[in-house]
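Peer 1: Below, each chain spelled out in residue letters.
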Amino acid sequence: MKHFYSLFKAFGVGTLMMCSLQSFAQQEEKLDLFEMSLEDLMNVEIVSATKKSESIFEAPVSSYAISREEIASAGVTSIPEALRLCPGVIVREMSNGNYDVHLRGLENTARYTNTVDQQNKYTLVMIDNRPVFSYEQGGTFWEFLPIDLADIERIEIVRGPAAPLFGPNAATGVINIISRTSREKGLYTSGNAQIAPGQTTAGNLALGYGFGDKLNVTVSGNYQHRERFDDQYYFLADDEFSADLSEVADAELLYPDPSLAQEKYGINAFINYKANENISFDLSAGMQDADVQKAYLSNRAPIHLTTNGGSSQYVNLAGKVYGLSARFSHSEGNYYLLEETGPSATPVDFTITDATVDYQWQVSDKISFRPGFNYQDIEYTANVFGNISATPFNSVAGSLQGDYHPLENWRIIAAGRVDKFNTLDEAYLSYQLATTYIIQDKYVLRAAQSRSTNSVFWAPTFFSSDDEELKLAAVTMSELGFRAQLSNNLSVDADVFRQHLEHLSLFLVTGIEFGTDPNTPPTVTLGYKNLPLTATQYGLTLSANYIANAKLQLKPFVTFQQTKVQGRPLGFNAMPLDPVQNPTNIYTTVDEDQESTPSVYGGFYANFKATKKWTINLNSYFFSGHTLYNERDLEQESTIGVGQIDGKMLLHSKVSYNVINKLRLYINARNLLGSETREFYGTDRTGRSILFGASYNF
Amino acid sequence: MRERRLVLLFILLSIGVGGTQLLHAQTTEEKMKAVFLYSFTKYVDWSQSDGEIIIGVYGNNAVLDILQTDLKGKKIQGKNVVTKSIKTSPEAQGCQVIYLPKSNSSKLSEVITASEKRGILVVTEENLVRQGAGISFTKHSSKLGFILNKKVLETNQLKVMAALYKMGKVI
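From first to last, the protein sequence lines are chains A and B. Under this note's numbering, read the first sequence as residues 481 to 1178, first letter to last. Under this note's numbering, read the second sequence as residues 2 to 172, first letter to last.
Read the hints as simulated data drawn from the structure, not as lab findings. Misleading hints may appear alongside valid ones.
Cut-off 30 Å, straight-line C-alpha distance, at most; resulting in silico cross-link-like pairs (DSBU-like, lysine-lysine) [said to hold, decoys possible]:
(1) A/Lys-1035 - B/Lys-118
(2) A/Lys-846 - B/Lys-170
(3) A/Lys-754 - B/Lys-118
(4) B/Lys-144 - A/Lys-754
(5) B/Lys-85 - B/Lys-103
(6) B/Lys-103 - B/Lys-88
In isolation and in its complexed conformation, chain B is listed as follows (with noise of 0.2 Å):
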């Protein structure tokens, strides 16, 4: 009998919240590591890039499938931007923003070496800001955050709009 009572109990629940669920519509980390990510370009300047802003994210991940469904066709400063998956050195230099997800943040150090001094953007899904990364995700109750290394980023030739700065943490 009680066993029936805990089946109900459950149905009756996911019934109820279930509903409510799909009226709000909510977005997940994801998406919005996604959009950071797109709007953390917008304040960098890429003039002295040619052609194409190449986002590459290390290894396949949600992150990298949302910004290759919901990136298509938009531009930032007047160039394309274009979403790939890396996973080797040679494919990280070709980039102009390096996305890392903590699967992977074993990479890191690869991802620096490739990207000193070559105006490449490294964002870290883990807050490696302290171990070279330009810019790490951080996360408060339910809202993303970021912290930059400054050093990290004039190092590496980056010419990062003082908005950026002030919104975000630095280091």
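For reference, chain A alone in the conformation it holds in the complex (with noise of 0.2 Å):
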């Protein structure tokens, strides 16, 4: 109840704002360049609108989007489904609906780890610029987003740091879900349903109303029901998939529902006001609900696969005015892993405030300034290592980026932002320089250095060793790029990178003391601490678009890398050989190649319109093969080669026929090959999907 209340007193506060600030809109002056000759308009200058208004054929970093049109093309049936649509991103299912997404790959280089910290805990993961990734212990929890592709205008990419010009945790890059905006005038609608029986089924609806040309109001809702494809679950201690759970004990607890993969539902509100071109406002509220099974907390069960829920509410607003860009957001919830209640629950509250504020500020045609400035306020109440009290935290962070262009085709840009979290006595800078230049409207040639740190999260702040502060992990990239026009359909893109990751810091054993008894067991302590671990990694991406006619198009995709890891403890999380001078066992290292990420990765999207009826999608996403390692290991390797990542290719076809003008049926075939070797470690083999849909566009 309190949280409805204190999510009712921000949308009020929200609602409030945008009124009193439309009548200050309406008295601003129209220039009329109408009237102007086209010669002398060549010569007004103009305001960069946002910072993610950038033409991605001239974007200073290794950029990507993917639109409505190509998700709804592809077929693509979830949010992280849809980055495999995006050079440079790995993604693997678990189970029907859940994925590990990773941009480029620089996680588990410390081999034998948990399941929790073989999540991607280096990207910025955001809503309409609102950070969603999770500050419990980092990572996405992809299945607790409100939203769901019906609601999503496009998903911008951004590969490598680059927390300077997007904001706090993006080390490895960022990725931007951006919010569908209506300006359609009176009531308009939409809706899609989809249906794999006995699989999957998903639908979504929305609802909305243009008031005149400026206000519009839009209410969405989303649902999905997925069934797991596979009976069995893999169990650690004895190394087997066996789909028995009689011997486990509460299991109708920790599974009670061992056939279902993912329920979730969100609704969610849109109230947006554009005033004009310089003044807009953009609030957003909702809710969601879920309930997965996927490998997360693995490690304190007796199965790979656990049951984890949670539900939160949010609301976001964000409104600019001129060249002033501000954004204010709440979100609190609560969620559990392992199981909702039982002496293995572990309950999770969470609220999280976060305000930013920055100003594009033109000084001349050639240079352009944007200081900026964010606050967060995070609160975690969680008991997995105990009970534990609400615990908050805060940080406060200031940025400055740098626009030069020495020459009409030459574009500098350098960007700086220093985080101080409270809890550190260090702050934190991040930055990125980056230059472009045009050559004869068709090449871009680009280069960039840059570096950011990930964010403080609640379990390493709360539970680090107390001997040091702990260091945030930090990624320095360089980076070529080269984009070309090299005919008047086709067009190619190249980067060559080189990504350093240091300051891994991991849940491990930080002491042991043997008592004077032999027979008395050691006192074990336990914490975040960071390892002596580098991690270097080389790699290149090529992507191109070739539309051969006005009928096809093809977007193919790869990415070729290799990471060298350097100082890989042999055995932390096991019994020291030296309990003096290396408890933790941190300091006996090996350098030696990272095998937990593919050396090779792509894919490709194939878009035919047959006729003006009849669309025919075919889209592919593969991985070569690789080896994933759970602490386990360490003590008894599998012996059924359980992380071992066959090389994989999936191929998705989506066939609709456009009805009437906005109505369309379709087929929807996932995994059309049925392939059902399994993506991650000791979770799901995975199936075919044979969806039939209809869809509304307003």
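Put the two chains together into one complex; each comes in its own frame, and the hints tell you how they fit.
Peer 2: Structure below.
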């Protein structure tokens, strides 16, 4: 009740602000540029609207956008699956609809870690610039996102460290999900429903009203129910797959619905007010509820797949008045890991408030600056490690971006950001230097050097080793890029990158004290600690866009990469070889190739408009074979090769028929070849889905 | 203490530059694109078109909002100018000018098919002239420019005044 009250309050304040600013907007003078000659107009200076309005072709960083149309044409059924349409993203399915997502895969370098530490903790995931990754231990609970594909206009992906331009935790990059903004007048509606009998049911409905040409109010709902493709679980202690839960204690609490992979719903409201091109406000609020079975906190469970679920609410208000942009968001909720009630229940409550202001200051036609400020206040209450009272932490950050055009076709960007977390003495500097040089409007050469750290998370903050302050993991990147419009229907994009990771921290044994009595077990302390490990990654990403003719479009992409790990501890979380000098085992190390990330991965998107009515889409995602590990493997290596992930190529196809103007019927085949090999350590075999659906679009 | 200083610095900065901003009205990219679209239309002979000149904006876009607000009552070559949002090929075929924002660049092939040899001017936000657009916007430093595909314009049976070719870049 308290949660709803605070949300209501925030929503009310937001609405009030929008109303009061409306009168200000109406007083704005109109410039009669329409009466000027075209020659004069070509000398009028313009101001970049936002940092997200960059043309992808001229963007100084390695970026990509997946449009609403591509998402609909390809037939992807969830947000993380949509990321398989983007170069440089590793997406592995754990169970029907639940995915593990990494940008270039610079995680899992320490090899023998638990499932929580195998998550992608270094990527800034946002919805409309609102961070939605978890501040508990890092990683993104994709199933807890309140919006679904139907609410999305596009997904923007930036690969490589980008905190100065985008925000905290952008160590390996940014995934920004941009919601759809309607400008329809009067009543409008849209819907989509698809079903694969016995496997997947997904639907959404949106209803809105446009009050004149400035104010739109939209309410949408989404629902997904997914059954597992597999009936077997991986039992860690026995190193075997079995569907028999009879020996599992509290199985009815840990696995209340063994066949369920995911059930979730979300309800969202969007109020978009646009006074004119200089002044706009967007207010959104929503809630979600989800229950899934995926690999998370698995090392505390007998089975590698665990039940997790949660519900949350949010409100997000963003405004733009000329060059000044501001955003305020508040979210709160709770989730459980392992089981909702019972002896292993690990409920977590959280509250996150985030405020950002930045300003686009165009000094001259060649120079502009963008100062920014960010404040975050975060509170977690969790008993993951025993009963803990609410523990708050906060951060303030200042950033400055400078944009300089020494020549008409040469652009230099320098940006810096300082994050100060109240739980750390040290302030952290992230920087980005980037330049682009455009040749004959057809070729873009670009270079970038950047460094960003991950965010402070709750668990490392309150469970770190006492002897030294935990350093935040940092990624430094050097990148060269080339984009070219080779002919009137072919463009290519290539990135060569080097990324370096340091200051990785993990939850591990931080100390062991042996008593005088050899029969008494030693006292073991656990906590987060930095490892001496570093990792260096080299890679190349190639992508192309080929428009063969008015009917056929092809977009292939591939990444080749190799990661060398230096100083990987041989045996943390195992009994020490030298309990005095090296109690945590982290100083006995080895250099090796990282095996847990595929060295080749990519896909293609092919869209064929056969006739005015029929559209056929074929898209694919593939990765090469690789090996995932778990901390259990340190004690006893799996004899069935559970971590061996075979190379795989998934093929998907959607065939749609335009019945009338806005109504489409379609058949959507996911995993057309029926490949069953597992994509993640100890998780489900995958399966083919044939979905039958209909969509109605406003 | 450091936190407080940061907050204070930012407040001072935003008040300072914010004040300056309001005194010097700046023109956004969307506004300029709307103005350019209107201006392009002046350089094309529409004598063969009946009734009004319809500028169709694919989807919903800030440029559409500006055109609908600012072009009310304006005429080109004696014809009323009407702006509307379009989403389908039949709607596109009813227009004299089609503007394709970059959010809808994937619709280019559909638009080209709909406009072929029908005397329709296709303008794109992204540089798509080599893919078959008639005119595409470009941006250098902080100024807007444009590229024309003469072959496409001629194939589409558009009579474009030579002055427009002189101002833009022609491929």
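Peer 1: Each hint should be assessed against the structure and marked as holding or not.
Peer 2: Status of each hint after checking the structure:
{"no.": "1", "hint": "A/Lys-1035 - B/Lys-118", "result": "28 Å, holds"}
{"no.": "2", "hint": "A/Lys-846 - B/Lys-170", "result": "22 Å, holds"}
{"no.": "3", "hint": "A/Lys-754 - B/Lys-118", "result": "37 Å, violated"}
{"no.": "4", "hint": "B/Lys-144 - A/Lys-754", "result": "24 Å, holds"}
{"no.": "5", "hint": "B/Lys-85 - B/Lys-103", "result": "17 Å, holds"}
{"no.": "6", "hint": "B/Lys-103 - B/Lys-88", "result": "14 Å, holds"}
Violated hint: 3 only; the structure is consistent with all others.
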